[in-house]
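Q: From just these sequences and the hints, can you work out the full model?
Here the protein sequences line up with chains A and B, keeping their order.
Counting along the first sequence from 1, when you hit position 237 you're at 237 in full-length UniProt numbering, and nothing is skipped either side.
Counting along the second sequence from 1, when you hit position 107 you're at 107 in full-length UniProt numbering, and nothing is skipped either side.
Bear in mind the hints are in silico, worked out from the structure with no lab data behind them.
Don't be surprised by glycine CBs; every beta carbon is placed ideally from N, CA and C.
Treat each hint with caution, since some may be false.
Stated by the list, open to error - Distance windows between CB atoms, simulated:
1. B:S143 <-> A:H214: 44 to 54 angstroms
2. B:S256 <-> A:I215: 32 to 42 angstroms
3. A:A143 <-> B:C139: 56 to 66 angstroms
4. A:K5 <-> B:H273: 52 to 62 angstroms
5. A:Q171 <-> B:E26: 54 to 64 angstroms
6. A:N48 <-> B:C139: 11 to 21 angstroms
7. B:S24 <-> A:F176: 44 to 54 angstroms
8. A:P109 <-> B:S225: 26 to 36 angstroms
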Amino acid sequence: MVFLKEGLCPGLTEEFIQNMRTKNIRTVEDLVSSDTEELAQKCSVSYNVLVAVRRVLLAQHTAFPVSGADLYEELLSCTAILSTGNASLDKLLDTGLYTGELTELVGTPGSGKTQVCFGVAANLSCRLKQSVLYIDSSGGLSATRLFEMTKAKTSSMEEQMEALQRIEVAQVFDVFSLLECLHNLKSGGFQQVSAGGGTLKAVIVDSVTTVLSHILGGKQTDGLSLIMQVAGELRTIAKDLNVAVLLTNHVTRDGNGILKAGLGLSWSHVPRTRILLECMEKSGSAYSGLRTATLIKSSRQQCNLIQDFDLNSWCETEVELPGPSGKRKLVDEDPHQA
Amino acid sequence: MSHRHSSSAESGAQLLARLEGRRSLENIEPLLFPKDSGPVNGDVVEFHGGEGTGKTEALYHLVARCILPEASGGLEAEVAFVDTDYHLDTLRLVAVLERRLPAGSEDAVRASLARLYVVHCGSGAQLLLTLHYLEGMFCSRPSLSALVLDSVSAFYWVDRANGGESLALQEANLRKCTKVLERLLRERGAMVFATVQAVMRKYESEGPVGSLSRGRQAPARADLSKVYLCRAWQGIVTHRLYFSKDDAADGKRIFSVASSCSRTKSAGRCSFHVTDGGIQFL
Numbered sequence: 001m002v003f004l005k006e007g008l009c010p011g012l013t014e015e016f017i018q019n020m021r022t023k024n025i026r027t028v029e030d031l032v033s034s035d036t037e038e039l040a041q042k043c044s045v046s047y048n049v050l051v052a053v054r055r056v057l058l059a060q061h062t063a064f065p066v067s068g069a070d071l072y073e074e075l076l077s078c079t080a081i082l083s084t085g086n087a088s089l090d091k092l093l094d095t096g097l098y099t100g101e102l103t104e105l106v107g108t109p110g111s112g113k114t115q116v117c118f119g120v121a122a123n124l125s126c127r128l129k130q131s132v133l134y135i136d137s138s139g140g141l142s143a144t145r146l147f148e149m150t151k152a153k154t155s156s157m158e159e160q161m162e163a164l165q166r167i168e169v170a171q172v173f174d175v176f177s178l179l180e181c182l183h184n185l186k187s188g189g190f191q192q193v194s195a196g197g198g199t200l201k202a203v204i205v206d207s208v209t210t211v212l213s214h215i216l217g218g219k220q221t222d223g224l225s226l227i228m229q230v231a232g233e234l235r236t237i238a239k240d241l242n243v244a245v246l247l248t249n250h251v252t253r254d255g256n257g258i259l260k261a262g263l264g265l266s267w268s269h270v271p272r273t274r275i276l277l278e279c280m281e282k283s284g285s286a287y288s289g290l291r292t293a294t295l296i297k298s299s300r301q302q303c304n305l306i307q308d309f310d311l312n313s314w315c316e317t318e319v320e321l322p323g324p325s326g327k328r329k330l331v332d333e334d335p336h337q338a
Numbered sequence: 001m002s003h004r005h006s007s008s009a010e011s012g013a014q015l016l017a018r019l020e021g022r023r024s025l026e027n028i029e030p031l032l033f034p035k036d037s038g039p040v041n042g043d044v045v046e047f048h049g050g051e052g053t054g055k056t057e058a059l060y061h062l063v064a065r066c067i068l069p070e071a072s073g074g075l076e077a078e079v080a081f082v083d084t085d086y087h088l089d090t091l092r093l094v095a096v097l098e099r100r101l102p103a104g105s106e107d108a109v110r111a112s113l114a115r116l117y118v119v120h121c122g123s124g125a126q127l128l129l130t131l132h133y134l135e136g137m138f139c140s141r142p143s144l145s146a147l148v149l150d151s152v153s154a155f156y157w158v159d160r161a162n163g164g165e166s167l168a169l170q171e172a173n174l175r176k177c178t179k180v181l182e183r184l185l186r187e188r189g190a191m192v193f194a195t196v197q198a199v200m201r202k203y204e205s206e207g208p209v210g211s212l213s214r215g216r217q218a219p220a221r222a223d224l225s226k227v228y229l230c231r232a233w234q235g236i237v238t239h240r241l242y243f244s245k246d247d248a249a250d251g252k253r254i255f256s257v258a259s260s261c262s263r264t265k266s267a268g269r270c271s272f273h274v275t276d277g278g279i280q281f282l
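A: Written out as structure tokens, the structure is:
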């Protein structure tokens, strides 16, 4: 909603606005939607002035159409695919996290969502030398663990420190500070902060559930409205700043006992790609780092692809050859997976 | 170039081209609609379905059909794509186009894409203003034939919360948008494709609006077909497509579409696979 104000465009004088207000025209939307001819007669303003004002306001506030060919050209020149640092996950994601898109990790507590986020952050900052904004809303960020992962990538103390500097951490504990953080990011607040060099390529939010789930319920509309606003912000950031957004979310069971992503149906449309993390069914595997990842939503690959991986793979030093350490590839499809 | 600046001196032939020459999109995809009642210019097709049920794929299929050159089985028409969800995956659309064009025709892909105009909208108010703007664009470009809205339901919850207690205020924005669309359909003869995300379940004993399935025993097959957008919008929709998905035994996912046309009161059903090169009807 944009209120009519003096100086918004030439011709929009105080008198003109007062005149409009008597006819209940207060916002740009009201003015544009009204019948120009009728309005000119009722308010006794010049038809030509009204048409000119309407045209300028429309040009100022409308989203401008871009030719698909230009969009494609732009996409080809600036889309990056960021490796997660784990071959199995990269395979599910069709070689990595795409900039401009939202990817969601879902899983029960202890299924390794946060660990994957650490791993991705460490890989981006160490190997790819890019900046990462890590929005921690659950207090689950462990600096020692991140340091461990960077140590595995490089032995030079200097490089480790540089890498850690490229990971900017923001702690938010409610939805309003999350929105504020995203607004800041959009208005260019991050560029000044990041000192470690490299451009911002990824935003990680771990987790969206902790700040969003409790505002659901009751009369619904307020909570859902905030959730959709967060979704909108994340999507515009992904597109406009050309960064990859990685989210974590919890799971619920549907009527048939099948795991599905939390936060309800409206949220389910938000991420482009969704991966379900689970502990392996073998006993005791919760304590080891072995996990299975299932692709449950994708516009690029067939869904229900399953891969096994090891959470500890980010802590292993790079010289090690891919041995039996969780880099095995399993069968591709199993639609009956519970 | 000169004729562009002298729009006041339009010839009769140009006027006719402008008023009547909008390319007919009849037969855009007969398989998707009930027999003999596919959409014609001035119709609104609603794509309704839950997450991952193939709405977007079907949309790309139709967009590709519109913008491809006639030689490759397209209609060579221009399309305006209003992306309110920031959801358009250009790479995917290119993959669909490439599959239908002869190999190695990068230029043809670009030429086809040049017939597509993309607008990103971030708020309900911006959507309304953009529709007004597009109205002017449809007026000046007779080759522009279809408008795609992906999705109409994007600002539903935000509008609901902004409207306070009054339902009329909650729905005000979509109602205004519908009014512009109505003009676009009636006076400019555009065809509109719009997606609606299924975000509400239908229960036997119609529960409170908007309640999600939390803590409730969902029916064996969740019925997501509940209509929830405002009546004004329902009033202009002429064709409805309900999307759903099934897992087939061989692991290949089958998407099915139940279509209905309010004009001829006919209904149809079809199903498709999604392949690398777009959808493939069964």
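Q: All hints, please: hold or fail.
A: Here is how each hint holds up against the structure:
no., hint, in the structure
1, B:S143 <-> A:H214: 44 to 54 angstroms, "51 angstroms, holds"
2, B:S256 <-> A:I215: 32 to 42 angstroms, "35 angstroms, holds"
3, A:A143 <-> B:C139: 56 to 66 angstroms, "59 angstroms, holds"
4, A:K5 <-> B:H273: 52 to 62 angstroms, "54 angstroms, holds"
5, A:Q171 <-> B:E26: 54 to 64 angstroms, "57 angstroms, holds"
6, A:N48 <-> B:C139: 11 to 21 angstroms, "19 angstroms, holds"
7, B:S24 <-> A:F176: 44 to 54 angstroms, "51 angstroms, holds"
8, A:P109 <-> B:S225: 26 to 36 angstroms, "34 angstroms, holds"
Figure legend: structure checked against the earlier numbered hints; every hint is met.
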